[in-house]
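My request is simple: use the sequences and hints to build the entire structure.
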Amino acid sequence: MSLREKLQNGKFVVTAEIGPAKGVDIQEFNENAELLKGRVDAVNCTDQQSAVMRLGSLAACHLLKQKGVEPVFQMTCRDRNRIALQSDLLNAYVMGVENVLCLTGDYVTLGDHPDAKPVFDLDSVSLLHAARKLEQGKDLADKELKGTPKFFLGACVTPGADPVEPQLIKMERKVKAGAQFFQTQAIYEPNTFEAFMKEAKKFGVPVLVGIVVLRSAAMAKFMNRNVAGIHVPDALIDEMDQAENKLQKGIEIAARLINEMKGMCQGTHIMAIGLESKVPAIIDAAKL
Amino acid sequence: MIISELKPFPEIVSYLDGDKKIFIVGCKGCAEVCQTGDEPQVLEMKQKLEQEGKTITGYCVIDFLCDKALVKTRLFPHEDEIDAADSLLVMTCGIGVQATAAVVNKLVHPAANTINVGGTRGEWRGSERCRECGDCVLDLTGGICPLTACTKWLINGPCGGTKDGKCEVEPDVRECGWHLIYERLKKLGRLDKMQALPMVKNYAKMQPPKELRSTIMWALEQQETKV
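Taken in order, these protein sequences are the chains called L and R. The numbers in this note's numbering rise by one with no breaks, and the one at position 56 of the first sequence is 56. Numbers given in this note's numbering equal positions in the second sequence, counted from 1, plus 1000.
Hints listed in this document are in silico derivations from the structure and should not be mistaken for laboratory results. There's no promise every hint is true.
Straight line, CA to CA, 30 Å or less: simulated DSS-like cross-link-like pairs of lysine-lysine [to be verified]:
1. R/K1193 to L/K198
2. L/K117 to R/K1166
3. L/K150 to L/K65
4. L/K22 to L/K221
5. L/K146 to R/K1205
Pair ranges (Cβ atoms, derived) [what the hints assert, rightly or not]:
6. L/Q27 to R/S1014: 36 to 44 Å
7. R/V1173 to L/S277: 34 to 42 Å
8. L/D142 to R/K1048: 29 to 37 Å
9. R/D1192 to L/G204: 17 to 25 Å
10. L/K146 to R/E1039: 51 to 59 Å
11. R/S1014 to L/E199: 25 to 33 Å
12. L/K117 to R/D1192: 31 to 39 Å
13. L/K221 to R/E1175: 23 to 31 Å
14. R/Q1035 to L/L110: 38 to 46 Å
For every residue, glycine included, the Cβ atom is placed at its ideal position computed from N, Cα and C.
Right under this line is the structure:
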């Protein structure tokens, strides 16, 4: 069963993500893919994550397909104009990639090529709109396609944003543009997520709660200072600080958060960021 | 010199949807030369809107609408007329619309598109900018331009990079444009405008028209022969 079918059938789904290598050494990528195979329902391939140039998302999705792992093709609008983005959507379809997560993308100056020209011809909403149009047999210029693709379109939302209303307004626009599922930014406060879901429920689209695995108290503090929309509460920071085995504690907290929030949503998206090999341990600890 | 041209009249009327009473602001700067916001155009607009069943509570033609301090001073005597209006129609470039929005607590609608002249720029104050995109969206964004206020030029709402109202790209110097737009529309009770955003931007309209694609002097001469 595909991710789409599982969500349609009401199964609580688990997705993870792998960031492709900076370079062409795909050994670690393949090892992580093997570890995740059969344990998660789909794996996201990030698109030049944090605006750092690396192996592309579509090639990584192709590698996952070869291994029998269902990929989620992450697409950002930072590096390609509407011609290239639409073409890559067609490329994905002919390579058997159905799931596409449509994102705006981090700004170029946050990455390792700050001299690059940012594109942002489209954004997350208009990329969803473009994908939906392709499915209807036409491109953004209203030109007919020879053969039409079919996608399962995803988008992102930040439940911890303050205020959250602009996020909800944009979420509604994403749904109208074609979003069929959401993977959220990381959230560490179940109460905040509950309040968010109370509003988001009305859109009738499955939401996969985002989990970023904590590695240390310092990492949590760093995210609080620098990552928009993420807030790790002091209690969790203290817990990490006092833990002797940080890795074990990070896994335990991730599993606990999933269990606290799984009744509120339709799945979870585990972003391990370097700890991909520990995702099965999180799933075990959460008894999913 | 900033070149503007009036939007199609039906588009202007669509902005005014439920608004019955309108105050019109014109401009004697570039908009006078372009014949988009001088007194004759303002009076013609007044008449056309009255034919559409609108009440014009008053109007004011200001020397340079891009000068926020001047706009505030000149609009002051019209305070009652502005208070009586549901919203304001501003007949000039995108900078003038934003300058007006910055000094009144009402929704402002642009009557014109600002045309790109490929490098020529007028003088403007730091906080009111216009990319001369040729397809002004200030009606939908509370008079704050998303192309200039948002680092990524997003036209569909904020990305996930808003932190404490600041843009994560340059949090020390830059507010999140979409946070400003959201706060402004919320204050005006018009968050519904965000659902009407255009989805895909037509960047072809951002190319300078053929007759303006040259030097400043050439552009001005072309403009003069037109007038």
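Structure-based check of all given hints:
no. : hint                          : result
1   : R/K1193 to L/K198             : holds (23 Å)
2   : L/K117 to R/K1166             : holds (22 Å)
3   : L/K150 to L/K65               : holds (17 Å)
4   : L/K22 to L/K221               : holds (26 Å)
5   : L/K146 to R/K1205             : holds (29 Å)
6   : L/Q27 to R/S1014: 36 to 44 Å  : violated (58 Å)
7   : R/V1173 to L/S277: 34 to 42 Å : holds (41 Å)
8   : L/D142 to R/K1048: 29 to 37 Å : holds (32 Å)
9   : R/D1192 to L/G204: 17 to 25 Å : holds (20 Å)
10  : L/K146 to R/E1039: 51 to 59 Å : holds (56 Å)
11  : R/S1014 to L/E199: 25 to 33 Å : holds (29 Å)
12  : L/K117 to R/D1192: 31 to 39 Å : holds (35 Å)
13  : L/K221 to R/E1175: 23 to 31 Å : holds (24 Å)
14  : R/Q1035 to L/L110: 38 to 46 Å : holds (45 Å)
When held up to the earlier numbered hints, the structure conflicts with hint 6 and nothing else.
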